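Could you build all of it, start to finish, from the sequences and the hints given here?
Taken in sequence, the protein lines are chains A and B. In terms of numbering that gives the first Met the number 0, the first sequence opens at residue 0 and continues consecutively. In terms of numbering that gives the first Met the number 0, the second sequence opens at residue 0 and continues consecutively.
What the hints contain is simulated information worked out from the structure, not anything from laboratory work. Since the structure is predicted, the reported quantities are computational estimates derived from the model, not experimental observations. We put the beta carbon where it would ideally sit given N, CA and C, even for glycine. Hints are not guaranteed to be accurate.
Here are a few chain A residues that face chain B, going by a calculated C-beta distance under 10 angstroms [to be verified]:
(1) K119
(2) R137
(3) T140
(4) F440
Each computed BS3-like pair below joins lysine-lysine, with the alpha-carbon atoms no more than 30 angstroms apart [unchecked claim]:
(5) B:K91 - A:K343
(6) A:K343 - A:K397
(7) B:K65 - A:K114
(8) B:K2 - A:K386
(9) B:K4 - A:K435
(10) A:K435 - B:K2
(11) B:K91 - A:K225
(12) B:K65 - A:K386
(13) B:K2 - A:K217
(14) B:K4 - A:K126
(15) B:K65 - A:K126
(16) A:K114 - A:K225
(17) B:K2 - A:K126
(18) A:K435 - B:K91
(19) B:K65 - A:K130
Covered by chain A, according to a simulated footprint, are these stretches of chain B (three or more residues, beta-carbon under 8 angstroms) [unchecked claim]:
(20) 48-62
(21) 76-90
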Amino acid sequence: MSRTTAGSEGQPGTGTTPVAIADGVHWIGALDPSLRRFDLILRTANGTTYNAYAVRGSAGVAVVDTVKAEFADTFFARLEQVAGYDEIRVIVLNHLEPDHSGALPELMRRAPRAKLVISKRAPAMLKALLKADDQEIRYDTVDTGDAIDLGDRRLRFLHTPFLHWPDTQCTYLPEQQVLFSGDVFGCHHCDPRLFNDRVGDFRFAFEYYYAHIMRPFKAHVLDALKLIEPLPLKLIAPTHGPILRERPRRYVARYRELSGADMALEPVLADAKPLRTLLVFYLSAYGSTARMAEAIAAGAEGVPGIRVSLYDLDGGETEPFVDLIEAADAIALGSPTVNGDAVKPVWDLLSSLAVVSLRGKVGAAFGSYGWSGEAVPMIEDRLRGLKLRVPVPGLRLKLIPTDAELADCRDFGQALAQAVTGADGAAAEAGGGAQKPVIDFADLA
Amino acid sequence: MAKAKLTFEDIGQSVNVPAGIRVIEVSEKVGAGIIYGCREGDCGTCMMHVTEGWNNLTEPSVLEEKVLRENMAGRHDRLACQAQVIGDCTVKPA
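Rendered as C-alpha cells:
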C-alpha cells in the first residue's frame with residue numbers, strides 16, 4: 000500500500016498525535032496525501048509530508064522546522080501534546096522555503112521566549128518571506144561547528160548551502176545520533192506509517208527527488224557529505240517523506256553514488272589520455288543541417304584530446320540526452336529555421352537542462368536555412384542565457400551546402416574543439432603546473 | 000583600456016579583463032563556482048571571498064555593505080555582482 004486508504008487509522012502519522020522517534024524527540028509534522036504536484040516541477044503520486052520535530056532537553060524545548068501554512072493546525076495540535084509554548088527556547092529552520100516556514104510567524108507569536116536559529120545565508124530570505132507580515136522576528140545565525148545547549152543535550156549545526164537553496168543547513172543531535180537533514184535525504188512520499196522500515200516502497204520517490212531537487216547542486220552535495228559522513232547516525236529525520244531509522248547510512252551512501260560521475264558505462268578508450276567531450280546534436284528536414292553536423296563532427300574529431308559524439312535529436316528521448324550533456328564539456332546544436340525559429344525539439348532539450356549544472360561548459364549553434372535563418376542566433380542567445388560559454392560564432396548556411404561550405408563546417412568544428420581543449424593558442428603558454436593558461440576576456444564574450 | 004588579471008581560485012583560472020568590469024560578468028563565462036541569485040546586489044547569494052588584491056576592487060556601496068552585514072560576511076567578503084575589478088585580484092566562493 001502506498002496510498003492512505005483502509006487501515007490507515009491507528010498508524011503513527013494519522014490524527015494529531017505526536018510520534019516519538021528517539022528519546023525526547025517527537026515528529027510533529029503533517030501529512031498531505033492529496034498533493035499531486037509540488038512546486039510546479041515534481042509529480043507526487045501519493046502526496047507528501049511536511050516533517051517537523053520537537054526536541055526536549057533538560058533546559059528547554061527546541062522545535063526543528065515547521066510545516067506549510069495550511070497544515071499549521073495539525074502541527075500546533077501535535078506540538079501542544081509534547082511541549083508548552085513557554086518551554087520552547089529555540090526554533091530551528093533548516094530551510095526557509097514556505098513548506099517549512101509556513102507556521103513560523105504564528106509559532107513565534109505563541110512562543111514568546113523562543114529564538115529563531117537559521118543559517119548564516121538565510122537572513123535576507125527570511126526578511127523577504129516575512130516582509131508582508133509586520134511581525135519582528137528575533138533570530139540568531141549559525142555556522143558549522145556552532146551548537147546550542149538544551150541542558151542534557153545539544154543541537155549542532157552543519158552549514159550545507161545550496162541543498163537546495165542558499166540557506167539550507169542540517170542540525171545534528173549528538174546524544175541521540177539524530178540528523179535533522181532538511182530536504183536532504185527527503186522525498187515526496189506520504190505514508191502514515193512514517194518510518195522507512197514500515198512504509199511502502201519509496202525508492203522511486205527518493206531517486207526522483209534527488210534527480211530534480213539535488214542533482215543541479217552535485218558539487219554542494221559532495222561538500223555536505225564531507226560533513227555528514229563522519230557523524231554517527233542512528234536516524235535521519237528529513238523534512239519530507241519517511242523518517243530513516245533502518246540503516247540510515249544507506250541513504251547517505253546513495254547520495255554519494257548519485258553525486259559522483261557516472262563511470263558505470265564510461266567508454267573504454269584505446270588511448271588512456273583523458274579527453275574532453277563534445278556532443279553534436281542536430282535536426283534536419285532535408286539533410287542539409289545533418290550534413291553540416293557530420294562535417295562539424297569530422298572537423299572537431301581531428302583535434303587531439305577530444306571525443307566527439309553525433310546525435311540526431313529526432314531519434315531519441317530528451318532525458319538520456321540531458322544525462323549526456325551533464326557529463327560533457329561542450330555541445331553544438333544544429334537546427335534549421337522554420338517560420339523564423341529553431342524547431343521545437345531544440346527548445347525541449349534546452350528547457351530540460353535545469354536539472355543539471357551547466358557551469359563551465361561550451362556551447363555552439365549551427366544550421367541550414369531557407370530564407371531568414373534566425374534559429375542559430377536564437378540558440379546562441381539561449382545557450383548564453385544558460386551560462387554556457389559560446390566562444391565560436393554560430394554557423395549558418397543557405398539551403399544545400401557546397402563542398403566549400405562543408406569545409407567551413409569542418410573549420411567550425413575544429414575551432415570549437417580547440418576552444419574546448421584549450422588548444423586555441425593559449426595552450427602555448429602551458430609550462431606545467433595545474434594553473435590553466437590565462438585567457439582574455441574578449442575571447443569569452 | 001587598462002587591464003587587470005582576475006583569478007578564480009576554485010577553478011585555477013585567470014582572465015585578463017578590462018578594468019571596471021564586474022566579477023559576475025567574468026565568473027559565469029569561465030565556470031567559476033560563485034553562484035548568483037538576484038544579480039542586483041540584494042540577495043547576498045553571490046558572496047565571494049577575496050584572497051588577494053582586496054584593494055583592487057571598487058569600494059562597496061552603502062547598499063552592498065548592508066547586504067554583506069545581513070549575510071554575516073567576513074572581512075574580505077564581497078558580492079560578485081557588485082564588485083568591479085580595478086587591478087589584479089584573486090577570488091573564490093565564500
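Each hint, compared with the structure:
1. K119: holds, 4 angstroms
2. R137: Where the cut-off is 10 angstroms and the nearest Cβ of chain B is about 15 angstroms from A:R137, the hint is violated.
3. T140: Hint holds; A:T140 Cβ to chain B Cβ min 5 angstroms, cut 10 angstroms.
4. F440: A:F440 check passes; min Cβ-Cβ to chain B is 4 angstroms, inside 10 angstroms.
5. B:K91 - A:K343: violated, 38 angstroms
6. A:K343 - A:K397: Holds. A:K343 to A:K397 sits at ~20 angstroms (cutoff 30 angstroms).
7. B:K65 - A:K114: It holds: about 23 angstroms lies between the C-alpha atoms, which stays within 30 angstroms.
8. B:K2 - A:K386: The given pair, whose Cα atoms are some 24 angstroms apart, holds under the 30 angstroms limit.
9. B:K4 - A:K435: holds, 13 angstroms
10. A:K435 - B:K2: Distance of about 19 angstroms is within 30 angstroms: holds.
11. B:K91 - A:K225: holds, 19 angstroms
12. B:K65 - A:K386: Within the cut-off at roughly 28 angstroms; holds.
13. B:K2 - A:K217: Cα-Cα ~35 angstroms, so violated.
14. B:K4 - A:K126: violated, 37 angstroms
15. B:K65 - A:K126: The given pair, whose Cα atoms are some 13 angstroms apart, holds under the 30 angstroms limit.
16. A:K114 - A:K225: Holds: A:K114 and A:K225 sit about 29 angstroms apart, inside 30 angstroms.
17. B:K2 - A:K126: Judged against 30 angstroms, a Cα distance of about 39 angstroms means the pair is violated.
18. A:K435 - B:K91: holds, 16 angstroms
19. B:K65 - A:K130: Within the cut-off at roughly 17 angstroms; holds.
20. 48-62: Since three or more residues must qualify, the claim that chain A covers the region 48-62 of chain B is violated, with 0 doing so at under 8 angstroms.
21. 76-90: Our answer is that it is violated, as 0 residues pass the Cβ test (under 8 angstroms) against chain A, missing three.
Checked against the numbered hints above, the structure violates hints 2, 5, 13, 14, 17, 20 and 21; every other hint is satisfied.
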